[in-house]
Amino acid sequence: MLKKHALCITNVIIFSYNLGMLKLFILLCLLLFSGQANDSKSTSIVPYEKSIVSLKSIEKNAIIYGSGEKTVYVFLDPICPYSRKFLSMISKNEKMLSKYRYCIYLYRIPRLHSTKFVAAIYDSKQPLDTLLDIMLKDSKISSKTNKKIEEKIDTIEAVAKKLNVNKRPYLIVQK
Amino acid sequence: MYYNTPNINRYLEKVVNFRKPIILFYILAAIVMALIYKPHFLSSDELFLSNNSLEMQKTNDQQIDTYSLEKLIVTIDKLDDKKLQKLKELHKQIAQLDGVSKVSSVFSNDFIEAEQDGNSNMVVVINGTQLDSLELKKMVKEVHNEYCNVVDENFQNFYFFISTQEPIDVKKLTIPGSYEFITLNNEINWLIIFVYALIFIAVTTFIFRILFRNYLSSVGAILIIALSTIFTFSMIMMLTDIYTIHITMPFITISITIVEYLYFYYRWHVSQYKSNKLNALRKMLNRSMTPAMWTSVLTVLGLGSLVFINSDIIKLLSLSVIISSITGYILNLTLLPAFLSHFELKHTHVPYARLGYLLASNELHYSKKFLFSFLAVTYLFMLAGGYLIYSKSNNFFKLPVKNEQIELKIPYKEMNLELVNSVSMFTKDLQERFEDELGEINSIASIMENLNNANTQTDELDEEAFMQALFYMDLYNLSDKYFDENTLTLEINLFDMNKLELLDWLMQYEGIELFFVDKETLLSISKYSQTVLLATSLFSALIMIALIIGWIFRSKAMIFVGLSVNLIPILWFGVIISVLSIPLSLEMLIAMTISLGLASDATIHFAFKYFRLRYLERSQKHTLEKMFFYAGIPVLIGSTVLILVFASLYFSQIHSLQLIGIYSAVLILISLLTDILLLPVMLLLVDHFQNKNEKRTI
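If you're matching them up, the sequences are chains A and B in order.
Residues -10 to 164 in my numbering are what the first sequence spells out, letter by letter.
Residues 441 to 1138 in my numbering are what the second sequence spells out, letter by letter.
One chain only, chain B, in its complex shape:
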């Protein structure tokens, strides 16, 4: 407990005696582990999500092929016949690439009309490739009423939706003008990763050099972080057989280990005032080992149950936090004293510790009214968030999209009018529900309707008109585009909408059996369902962590403190992303996991120091000052380093790193503010020593 000071003299003696073998052992063990367990890094969450996707399973069970639907946007200055020819060639080139099964663009568009000459007339289908620039402009404007999903109204942006089984190398294509390629298959650019590893080392070294006036602190940090990361992922692979790691997951170990390291190192750094060199190591261990042990216990018990959930992502996230916390703890207890025992510091003054005194004197006179109002608002948001997530009309999770496409397959036994009518009814229902949020819906129903409208021989789509439309589809080679032997193909163009709302509606639609085939959509569904699962897991972890904090400090009030401090960063971040309609992603969940790990660590360290000093009958003011000095400053330094490193990731060209960068920077900032502004105030609020000490004084 917080009032015990462990006797570690003999242990420290042994560590110092065997310091060289200890250092050697860890370095060799890390090299061996790194050689045996080689993870496969991914920058997209496709594999993680598809492994647990029920909709993907459903589609595969029907033996319907799935593929990636990638988008190439080509921008030109002005459309003329020369540019048009180049765009037509581009369409042809894409269609001929390996693995490409379909390309939807203005050149795959079929314009249907009736050509007439007195009593002689015929349904004619004109393909986009047959038109010159003027004809194309005229046709698109006539047919699409100035809006078309494959070209913008100024004829400057041309969209190519590519269905492919294999990754596409757009660099091989001759693209007229500038372009943007949106794909699921992001290859990892190791050069950028290496540059960012250097940035991390540089930022850590720079900040630690300024704050601690030495390079030792940064060398120690990098050593502990590197070993902890290697051990964590080797053990995950050993325990779970999951060899695929998301490129951003090492940031979990980095974040948790650096803050843990700082609690130990900082204590050693500020305890250099006595002549005996071992004294600083003794202080470092006996003051930090107990709270650090409880942080590991907290993560193991709090997140341990999540390991048994049948989801690779949740397993990986929870194991990353648990194992990095344990390995970090063991390394700080063994390797760090062995390493630091070689050194002695001369300049150990930490002038910035005054910030702690400033905060302590201000927070001592906190406003209860303001605190309760803030907590009330926070818990109201929590209730509202819970309602939005779990209520039937889920509108918390949003996936705003503009000019996208999704593809569906509808299995059928017999091609007949009834089938076409049911697709037509589905289209009508869909259009009624989403109105102008949707663009064109291309299906057998739409093409038959267009053919029938152009056919002067038929009126409404009856049996006769249906047979004729089928005939014209064969005549103009349109059949393969809309159906094969077993399934109908349906393309929905999304204009400007929340895709999740549409997917939810489609999954609930009962009139027709629908299967999703493009991986982007399947991943969106999987992401959405797993996010709900992860939200539940995170919330249950929060409750567990709060209960364990209450148990560690033998205080019911600490359950409330633990819950509030850990909940606030995630909840307020949730409010921000909900207001800004930012779609949920795996990167966001990783950032939330990092935040939970950091917030729970800070709660233990702060509360441990606070209650220990109060137990030793220090005044509230003195206790707060000491708490800020010994626990607050390491959190402040660690969080600053992490915020700077994560924020710099935003400028990388890897989308996944950009996301983890910005989300983590924001979450760690909220977490830091909660730790230094709210946690001390809440500790003052639940201080059960207040009455006891007052009684003693009387």
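Chain A on its own, in the form it takes in the complex:
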């Protein structure tokens, strides 16, 4: 990354002789902005212990998977490819299911429009099975939301926003 920046800055300096100081200033601003954008790690602003307390408070809304001693709180979107990859990896790994207990919270990525899938999972009698069917077998199940489901989604969303959950899958592993 440093090498890339150094190269970019050198190029900009050479280029600046042709474009003049104003253009150079604009380019530098863009460069710095893009560098920040690449490097930035949007970490949670809530301290770790407080995050765990918040997550525990909504545990009744979680879909529990695995039987291990260590709890992993995980925010997934049923349509998100990396959420699917994550779930696929842990479902195939016996050790990961026996060592960890996953509290899965469904938290939508807006651009993926996954509300109907989230609703179908929460609406089903066996949410875990439905979750696995949708995410691992790509089953086409959909359902309309109701007030109860929306309340659940909102509760999870409130905690997710508080914790600055900006990607899926988003993990917090309890000590």
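Mixed in with the good hints there might be a few duds.
Listed next, the in silico DSBU-like pairs over lysine-lysine satisfying Cα-Cα at most 35 angstroms (straight line) [claimed, not checked]: (1) Lys81/A <-> Lys528/B; (2) Lys528/B <-> Lys126/A; (3) Lys611/B <-> Lys581/B.
Have a look at the derived ranges for each label pair, beta carbon to beta carbon [said to hold, decoys possible]: (4) Lys39/A <-> Met855/B: 22 to 28 angstroms; (5) Gln570/B <-> Pro70/A: 50 to 56 angstroms; (6) Thr614/B <-> Pro70/A: 35 to 41 angstroms; (7) Met855/B <-> Lys126/A: 34 to 40 angstroms; (8) Glu140/A <-> Gly951/B: 50 to 56 angstroms; (9) Glu140/A <-> Ser541/B: 21 to 27 angstroms; (10) Pro70/A <-> Ile513/B: 38 to 44 angstroms; (11) Lys39/A <-> Lys526/B: 50 to 56 angstroms.
These are computed hints drawn from the structure, not numbers from a lab.
Nothing here was measured: the structure is a model prediction, and the numbers come from that model.
Beta carbons are placed, not taken as given, at the ideal position from N, Cα and C, and that holds for glycine.
Use these hints to put chain B onto chain A, whose structure you have.
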């Protein structure tokens, strides 16, 4: 003393009368001994060194397993998908071999990155086996910045570091391209040993045939050497219970016995001028038995104290010299006259003895200035060497390595962030100290740092990031690679450095408790500490030998002569290996022991002859000529044979033999030059008969 001529007439009569029973007795005794005491020969110094290794003991006390870390280098012309597939299969084959616990190669390398698709992203670990040739090249260049310890920058040399409990037979593997296998477990190739035994016999026979114009001299030499070697090692096994002998140790007995034999045989050979056949035997015994006895006394007293040091190597080395000197002496005194009494020689002229006259006339007018300058430089080197060996920042012993790996274990009670931070601090300290001499350092700290860097959810490695990194390690099956229930594993890749400097630093590091687990490293540490012990032992032996020489000749000046002549070959050899940065090895120590044995023998024989003739009021010139004729020529012939045989060992395929060959050839050459160029001059310098004879003349 040198002025007495022992009366051995009755003894000789008895030996000649019982010559056949004597010969038979020795041959039968040797056969019985060889059948009862069968040594186990080794070509690696692993066992000798590990028996006395404190670091090995420390690691074993922690119940941490040790293993060999062997290196296979596979060279291919060009990397393409087909070759890559074969290399992947090779990695798999090695990992499946019995006793192999781990294989580090480009295919065990895990490349960590963050896969991203808008708000959807995840830490991904890609193993080397999942990539095709183009992807692999790209990944290695990106991650390792054009340098990687498991593959070179041209993707032609692939390195496989194999942790194994059992010896590996690489011939069973399907290896694409050419390869080099570097291992501790060298099996002895007896065919090569047999070929070299034949070479030794051929060289001895050839040289002796040219010089003595007969085959008798070589038959006698081989008989005495064979019996002396059998008796020496049988007695060592009898006395010490050490049954493991290094393959190169018989060279100590061969070297010492052949030169001792030549003092006796040569005297017999040149004393054939009288009609009485027994006269030559009488001359051989009464002229050679006293100095030869003193050489045995010298080795027993000089090296005797080393036998009590708690080190198998030092015991074996010192006992080899002591017992071969004693058995050689007894055989030359009993078996040799019994054997030679059967023969009479016709052509006994030795034209090459003129070389002695040439040396004598030149050395008589030596330059004192040059002699003192040379000695001053030598003793300055000795002081510098002593300072370098014993000072705290030891930089005399070097072990240069390129692209190697060492493995450490760190015991822990609880896996937590504090532990990872302490490993991280250790890594930082190590990198700051050795900078670009080191390659990658793989540990729980490095993998967590990489996982955390790829994890967009966390920033610095805090409690939350630590838990997530641990989770990802489990998810990608990386945990077993970096820690088990009780210990963390740490791999240090050495790029181009002096390994001993690193080991010294690691042993002194206080921030974290470290244990060495790979046998190569444990042996390097043991070798280093035992070499310091052996250097001390050799130096104390030198002092003892010098004092005894002073006592034998009743001259304080001879202490200085004895010390200088014995010290010079070892010291100048030390200077050469230090300048060339050649790592110290057991073979080097054996070569030094041979040199010490030969140099001390030569000192006694030369000085004995010199002082005897000076006592008999011969002039310095005449004395030097006679000394060269009777003592110098045997040393010259013996050393030439040994140099040729040892030099030929360099062309063998056994690494241990190559080393002993080249080191001994160089050391014997320096020793020979010291004996014929310096020793006579120093004898002239300390000649206390000079003043007495001058007074008598007046």
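*Which of the listed hints are broken here?*
Numbers 5, 9 - these are the hints that the structure violates, sorted from lowest upward.
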